[in-house]
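Chains A and B, in that order, give the protein sequences.
First residue of the first sequence: 1, per the UniProt record's numbering; consecutive thereafter.
First residue of the second sequence: 1, per the UniProt record's numbering; consecutive thereafter.
By construction, these hints were calculated from the structure, which means they are not laboratory data.
Any given hint might turn out to be false.
Unchecked claim - Sample of chain B residues with no beta-carbon within 10 Å of chain A, all distances over it, derived:
1) PRO10
2) LEU119
3) ALA121
4) PRO193
Unchecked claim - Here are a few chain B residues that sit away from chain A, every Cβ distance over 12 Å (derived from the structure):
5) ARG13
6) ASP81
7) ASP364
As the list claims (entries may be wrong) - If we take Cβ atoms under 8 Å as the criterion, some of the chain B residues that face chain A in the derived model are:
8) ILE168
9) TYR170
10) HIS185
11) PRO187
12) HIS188
13) ALA198
14) GLU254
15) PRO260
16) ASN265
17) GLY356
18) CYS358
19) MET433
20) PRO436
21) VAL438
Where a beta carbon is used, it is the ideal one built from N, C-alpha and C, also for glycine.
2 protein chains.
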Amino acid sequence: MTLLDHTHNPAARSWLASANLTGADFPIQNLPFGVIRRRGSNEAFRGAVAIGDQVLDLAALAKLGVITGAAGDALQQAAKDALNDFMAAGPDAWRTLRHALFDVLKEGGTAEQAVRSSLIAQADVEHRLPSRIGDYTDFYTSIHHARNVGRVIRPDDPLTPNFQWLPIAYHGRASSVVISGTDYHRPHGQAMPPGAKAPVYNACTRLDFELEMGFFVGPGNAMGRPVPLAQAEQHIFGMCLLNDWSARDHQFWEMNPLGPFLGKNFCTSISPWIVTMDALVPFRVAFERPADEPQPLAYLDEPGNRAAGGVDVQLSVGLESEQHRTKGLAAAEISRTSFRHQYWTIAQMLAQHTVGGCNLQPGDLCGTGTISGPTAGEAGAIVELSQGGTKPITLAGTGEQRTFLLDGDAVILRGWCEREGAARIGFGECRGMVLPAV
Amino acid sequence: MTLLDHTHNPAARSWLASANLTGADFPIQNLPFGVIRRRGSNEAFRGAVAIGDQVLDLAALAKLGVITGAAGDALQQAAKDALNDFMAAGPDAWRTLRHALFDVLKEGGTAEQAVRSSLIAQADVEHRLPSRIGDYTDFYTSIHHARNVGRVIRPDDPLTPNFQWLPIAYHGRASSVVISGTDYHRPHGQAMPPGAKAPVYNACTRLDFELEMGFFVGPGNAMGRPVPLAQAEQHIFGMCLLNDWSARDHQFWEMNPLGPFLGKNFCTSISPWIVTMDALVPFRVAFERPADEPQPLAYLDEPGNRAAGGVDVQLSVGLESEQHRTKGLAAAEISRTSFRHQYWTIAQMLAQHTVGGCNLQPGDLCGTGTISGPTAGEAGAIVELSQGGTKPITLAGTGEQRTFLLDGDAVILRGWCEREGAARIGFGECRGMVLPAV
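In isolation and in its complexed conformation, chain A is listed as follows (with noise of 0.2 Å):
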């Protein structure tokens, strides 16, 4: 686990008066990374940070020369199309550049006029995706969800009897993730109606989002080579928002046996930027388990995991309505939890995802699944919050009601840290909207 060091100070300011502003999700203490061009232009692909209400493009700041040495070679990784070599390089690498970008950014640096000229304006870039993206997995690794929807399915026994002894996962499709802002048909897909004969192909009809976080891998492991859980962390670039949009319908007609696949393989949003547990480092909280409940054997244990394995980052969830925006309504808050509850850490998920042998790459994807607290509105799924479609939501600001995603609604997760002694660090927002079935 990485110390605490003079990038974390909340004290630090950047010559940049938007990044000092409270509030901000990109303070100079962030410094997240993310893939951008010019908004419309056919300029290539290249790596960024996200400071105040700017990018650093870091392709115009490799040119400048004022950036050398090793953290040099980490720039120019960081400043290709896709951050994968960068990610490949490893903690230090990491950590080199991201202590030389402060140095450029603070207050009283002395790059400043020749910096300033590599900033472009937020609102002025476009995303892709941060890495090309070789494998996606999603986890499902909060107990509360896992005990919500369980009820839906199996009322009687909501909970599968290995969901307390180890962090579940399942492969998602890598293609159809895409970035926040991206748009998606409403799927087609073939579903049982409540005491049909037999099912039906339909446009679905129980469309959900599920609030997530994603993880990207960094160096990768051999086939055949595990990484143990004290040098798990080692392997991770940063966390991300995730929307693992779901066809309830179609998913689960299809997911018994071998799990969701149609449900699910439609479209995956995340947001552009990737925060570095670099930056999160403030926010790490222990790992606890209550003692009546299955302690992880031995593999999926060691004392920083259980120290410091968790991450507390807040998490909200904004529906909004074809009607917010014709009235120029801000989206109605329909949940609001925090990644603390997670019943396994991000450690834990990446030593299992290799404990047989299976061999991650760097910019590969992983979700936690969805993220719900223990209270109801915590959930992090429409159909928990609508308790299987059968207890409509009332949204905010327009008074609607929802029990599952209407063609117009736009999904909006945001994530911060915040807490006292320590710098705001924001995740900007994850957005996506449902077009009509096709």
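Got chain A; can you put chain B on it based on the hints?
For chain B alone, coordinates are given in the frame of chain A:
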């Protein structure tokens, strides 16, 4: 569906004698594609076609300039270090190149001496994966396998209600797909022993193979744009053999409710040569669904699929123990079946995969699921052959017994098409060996 043409004429012969031998896997009517270099060299990998006991090095052939025009363009694509671009080029390009290769390899072809210089003995080459596999999907389309395995997990209700209504699938792990000849270590993982109160961390005690075929995606489809069944085969480049190695103790503990994960993702082996759909034209068979069983919904039904959606590929599984190798004995054949028994066709699999809008990309790999025929000796996994590990099978040659795979066991899959009035089309072999746990 492609029609028969002169390249399927069983009387056609090559100037290469080994291509004309009775029982050869790679006569001039086959021409399967792979990616090779000289064994043990550090040459660049490049595309190749198998012919007799040789491979035709397509990069060397392209330099000769004997194939020009549209076929020459396709040859340039097929000569690259991965076949993705050639796969993306589509059926017309595939067929044009097939015809041109047939012309230069046939008896009396004008460029024989030049083309001979582009041959390398198969014994002298090594392969890598024929494409960069973006995503790997595994289907579950043998009703006999589903019933056999279902009995182990759910004795009362072996076949899930969805099986006869849609081709079930799950996403597999692309990073651990390896080429035939790659050995792997017995995986560790978590299992729940019968009657135990807590799971154990162990080296797999119920290691299995799965006899499957794979098919490669040619041109992809855009996200949100399903491929109709009638067009599905235009998106399929060709087929190979596939062994979906399975750790049954880990798999059965982990897979409820999200499906197989670590039980499968430690290794998946494929044969090196992709037999094109063009080469398989003489072996297409009707898609037969008994009248008293559910008939496919309209989007999974069309006349071409009914008339010739199936493929009659003969399949064999060999198990070669250390004793077989020490004594110089041939592998014991432990199963023999045909792909024609599958409950769903590859066109139905591809159409179903895209029905919700999931985008497929050139070079993606799909597995058909374990191929088990209607009788006991036709089972495509050892968990079926040994009835869940309760009835050991006896290996021909050595008389050894097996319930599951032991260290040192190599599994060799073979496939071929044969019928009166057509040239034999072989798939070669897919081999892998179990190494001891690390």
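Checked hints:
The claim that PRO10 (chain B) lies off the interface holds: its Cβ sits roughly 40 Å from the closest Cβ of chain A, which is beyond the 10 Å cut-off. Once the 10 Å rule is applied to beta carbons, LEU119 (chain B) is consistent with being away from chain A; the minimum gap is 33 Å. At the 10 Å boundary, the C-beta of ALA121 (chain B) stays outside the reach of chain A, the nearest C-beta of that chain being 29 Å off. In this structure PRO193 (chain B) is separated from chain A by more than 10 Å, as the shortest Cβ-Cβ distance comes to about 13 Å.
Under the 12 Å C-beta cut-off, the non-interface status given to ARG13 (chain B) relative to chain A holds; the minimum distance is some 43 Å. With 12 Å as the threshold on Cβ separation, the claim that ASP81 (chain B) sits away from chain A holds: the shortest Cβ distance comes to roughly 17 Å. With a cut of 12 Å on Cβ distances, ASP364 (chain B) falls inside the contact zone with chain A, its closest approach being about 7 Å. For ILE168 (chain B), the suggested interface contact is upheld, since its CB lies about 6 Å from the closest CB of chain A, less than 8 Å.
Contact between TYR170 (chain B) and chain A, as hinted, is supported at the beta carbon level, the nearest pair being about 4 Å apart and thus within 8 Å. Annotation: HIS185 (chain B) was flagged as interfacial toward chain A, and the flag holds, the nearest CB pair being 5 Å apart, inside 8 Å. Proximity of PRO187 (chain B) to chain A holds as hinted, the smallest CB-CB distance being about 4 Å (cut-off 8 Å). Given hint, HIS188 (chain B) at the interface with chain A, holds; its Cβ is 6 Å from that chain's nearest Cβ, closer than 8 Å.
A distance limit of 8 Å between C-beta atoms decides the matter here; for ALA198 (chain B) the minimum to chain A is near 7 Å, and the interface restraint holds. Of the supplied interface hints, the one on GLU254 (chain B) holds, with its beta-carbon coming within about 6 Å of a beta-carbon of chain A, less than 8 Å. At a threshold of 8 Å, the smallest CB-CB gap from PRO260 (chain B) to chain A is about 7 Å, leaving the interface hint in force. With its C-beta approaching chain A no nearer than about 4 Å, ASN265 (chain B) sits inside the 8 Å limit, and its interface hint holds.
Taking 8 Å as the C-beta cut-off, the interface hint given for GLY356 (chain B) holds, the closest approach to chain A being about 4 Å. The criterion of a C-beta within 8 Å of any C-beta in chain A is met by CYS358 (chain B), whose closest approach is roughly 4 Å, and the hint holds. Annotation: interface hint on MET433 (chain B) violated; nearest CB of chain A at approximately 13 Å, more than 8 Å. With its C-beta approaching chain A no nearer than about 11 Å, PRO436 (chain B) sits outside the 8 Å limit, and its interface hint is violated.
Look at VAL438 (chain B): its Cβ gets to within about 6 Å of chain A, closer than 8 Å, so that hint holds up.
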